[in-house]
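Q: Position chain B relative to chain A; hints supplied.
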Amino acid sequence: MREAIVIDNLSKYYNRFLALDNLCLRIEEKENVGLLGPNGAGKSTTLKILCGLLRPSSGAAYIDGINVVERPEQALSRIGTIVETPEFYPFLTPEETLSYLGKLRGMRGEELRRRIEEVIRLVRLEEWHAVMIEKFSRGMKQRLALAQALLHDPPVLILDEPALGLDPRGVVEFREIIEGVGKEKTVFFASHQLVEVAQICKKVAIIDRGRLLAYDDIAQLERKYHSLERAYLELTGDSHE
Amino acid sequence: MSEFEKLKVVTGYEFLKHRRRKRLYWILGAAIAAELAVLIGLPALGEGYPDNIMRMAALLSIGPSFATIGAVFFAGDAIAGEFERKTGYILFPNPVRRTTLVMGKYLACCIAVILLIILGYAIVCISLLAIYGHIPIETAKSFGLCLLFAGSVLSVTFLFSSVSKGAMGATVITLVFIMVITSVLDGVLTMADQPSWFLLSKAGDSIVTVYGGYEIFLPGGMPHDLPAGVLEGPDINLSILAMVIYLVACFLLSLWITKGKQLA
Numbered sequence: 025m026r027e028a029i030v031i032d033n034l035s036k037y038y039n040r041f042l043a044l045d046n047l048c049l050r051i052e053e054k055e056n057v058g059l060l061g062p063n064g065a066g067k068s069t070t071l072k073i074l075c076g077l078l079r080p081s082s083g084a085a086y087i088d089g090i091n092v093v094e095r096p097e098q099a100l101s102r103i104g105t106i107v108e109t110p111e112f113y114p115f116l117t118p119e120e121t122l123s124y125l126g127k128l129r130g131m132r133g134e135e136l137r138r139r140i141e142e143v144i145r146l147v148r149l150e151e152w153h154a155v156m157i158e159k160f161s162r163g164m165k166q167r168l169a170l171a172q173a174l175l176h177d178p179p180v181l182i183l184d185e186p187a188l189g190l191d192p193r194g195v196v197e198f199r200e201i202i203e204g205v206g207k208e209k210t211v212f213f214a215s216h217q218l219v220e221v222a223q224i225c226k227k228v229a230i231i232d233r234g235r236l237l238a239y240d241d242i243a244q245l246e247r248k249y250h251s252l253e254r255a256y257l258e259l260t261g262d263s264h265e
Numbered sequence: 002m003s004e005f006e007k008l009k010v011v012t013g014y015e016f017l018k019h020r021r022r023k024r025l026y027w028i029l030g031a032a033i034a035a036e037l038a039v040l041i042g043l044p045a046l047g048e049g050y051p052d053n054i055m056r057m058a059a060l061l062s063i064g065p066s067f068a069t070i071g072a073v074f075f076a077g078d079a080i081a082g083e084f085e086r087k088t089g090y091i092l093f094p095n096p097v098r099r100t101t102l103v104m105g106k107y108l109a110c111c112i113a114v115i116l117l118i119i120l121g122y123a124i125v126c127i128s129l130l131a132i133y134g135h136i137p138i139e140t141a142k143s144f145g146l147c148l149l150f151a152g153s154v155l156s157v158t159f160l161f162s163s164v165s166k167g168a169m170g171a172t173v174i175t176l177v178f179i180m181v182i183t184s185v186l187d188g189v190l191t192m193a194d195q196p197s198w199f200l201l202s203k204a205g206d207s208i209v210t211v212y213g214g215y216e217i218f219l220p221g222g223m224p225h226d227l228p229a230g231v232l233e234g235p236d237i238n239l240s241i242l243a244m245v246i247y248l249v250a251c252f253l254l255s256l257w258i259t260k261g262k263q264l265a
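The listed protein sequences correspond, in order, to chains A and B.
The opening residue of the first sequence carries number 25 in this note's numbering; numbering runs sequentially from there.
The opening residue of the second sequence carries number 2 in this note's numbering; numbering runs sequentially from there.
Here chain A stands alone, though its shape is the one from the complex (with noise of 0.2 Å):
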């Protein structure tokens, strides 16, 4: 199986404070994997530096092979993301919004007029689809957020806590998405829900203090430490969160 994320002695410096400490990750093509830590663990930094929104101080990530600080563009026309509470530009529809995102990445006419229908109704925001998204609730911007990083159908899936600022129902339809596309793409995300974690992804990453405490099936994990939570417990006790 080709790898289609790689973590390759990533550090990350910020001024004088450690993020990252040489961390390592091999993640394979439609493989998902759940990046869980404390606050400050690293995993937005990571993230961060697989989008092209942060460089390493030393060390080097790859998406489907391509070096993301060598080459940006073309590392990033293989991904979708979503990172932090994404905002929009208020004075936009989600469906000009959608249209600007997917232009820049190549999509044009009927191509993309027929996705963003697509995936505005996965989202659940065909009621919005023309209304500035200045009158946006933070949970409806985080299902346009998942719309966007879906537009292009890429093969890889970058998610930084996701799920934030959903209502429970959407929480669960974002769960569903998810495990669905999950099942032909690459999805790494960083989330503090083990639950959402354990039913999205087979794989977990643990980290804290920008370093690798274990990357395991969570299966074995769980029968390790009889549970994910007490996995993630005893491996980061020491923190200081």
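Don't take every hint at face value.
Stated by the list, open to error - Some chain A residues near chain B, calculated using beta-carbon distances under 8 Å: (1) 38; (2) 42; (3) 45; (4) 75; (5) 103; (6) 105; (7) 113; (8) 116; (9) 125; (10) 129; (11) 133.
The set of hints was computed from the structure by calculation and includes no laboratory data.
Bear in mind that the values here come from a model prediction, so they are computed numbers and not experimental data.
We put the beta carbon where it would ideally sit given N, CA and C, even for glycine.
A: Then chain B, alone, in the frame of chain A:
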């Protein structure tokens, strides 16, 4: 898909954003109000329109040049806004170069400002034609200088927007730089009898002084106690050079800074 095609996409949607924002229409309203103040205010105050068409053209041209300064308000958040409001989390992970994004944003701002200036000068031309029956060629020169000034003001705004953490900060710093700092420096340099052509505000004065220096605004002519040359406008060629330098240097710097900026 080529970067040029992406540039067209970015420019189109950035311009759409400007069209939807109220501030564009506030700036347009302010520019028109400045022109109407001249057109209505002069006869209302009993002065009537000046006999000298150049004086009237210079007074009316203040409107569109005011619009140029107003453009700082919608260019200030062009880059800083992506980081401050976190819209960059959606825009930057797309397969498009940061330089293309900045260029697209710059072009969209340029289109918006050019439209404001064209509208402003259309009012100048119609007014002059209605009052005096003809339009002096200096109006065309003033229009060209105003476009160049707009480009250089936008470049300076983009530079401050690329280094600022917030859109409001970028807007305020740009306005203070253009309207306060360079004006104070201009005053100091003029008093010290030193050249000040390289200051952006001084170069911008050429938009109205092209009609006949600063003395065009003095109905009684030049006061006798002033040294020769003080009321002469800035040299047009040097003003053009200064504005081109600001336009190119500040824009290139903003491209370079934004390219290396991280979104933590």
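Q: None of the hints should be skipped; say for each whether it holds.
A: Verification of the hints:
Below 8 Å, beta-carbon pairs count as interface contacts, and residue 38 (chain A) has one with chain B at about 7 Å; its hint therefore holds. Interface restraint check: residue 42 (chain A) against chain B, minimum CB-CB distance 14 Å, threshold 8 Å, status violated. A cut of 8 Å between beta carbons decides the hint on residue 45 (chain A): the least distance to chain B is about 17 Å, and the hint is violated. With its C-beta approaching chain B no nearer than about 4 Å, residue 75 (chain A) sits inside the 8 Å limit, and its interface hint holds.
About 7 Å separates the beta-carbon of residue 103 (chain A) from the nearest beta-carbon of chain B, less than 8 Å, and the hint is met. With 8 Å as the threshold, the beta carbon of residue 105 (chain A) comes within range of chain B, its nearest partner Cβ sitting at about 5 Å, so the hint holds. Proximity of residue 113 (chain A) to chain B holds as hinted, the smallest CB-CB distance being about 6 Å (cut-off 8 Å). For the restraint placing residue 116 (chain A) at the interface with chain B, the shortest Cβ-Cβ distance is roughly 7 Å, inside the 8 Å limit, so the hint holds.
At a threshold of 8 Å, the smallest CB-CB gap from residue 125 (chain A) to chain B is about 6 Å, leaving the interface hint in force. The restraint placing residue 129 (chain A) at the interface with chain B holds, with a minimum CB-CB distance near 6 Å, inside the 8 Å limit. Given hint, residue 133 (chain A) at the interface with chain B, is violated; its Cβ is 13 Å from that chain's nearest Cβ, farther than 8 Å.
The earlier numbered hints that this structure contradicts are 2, 3, 11.
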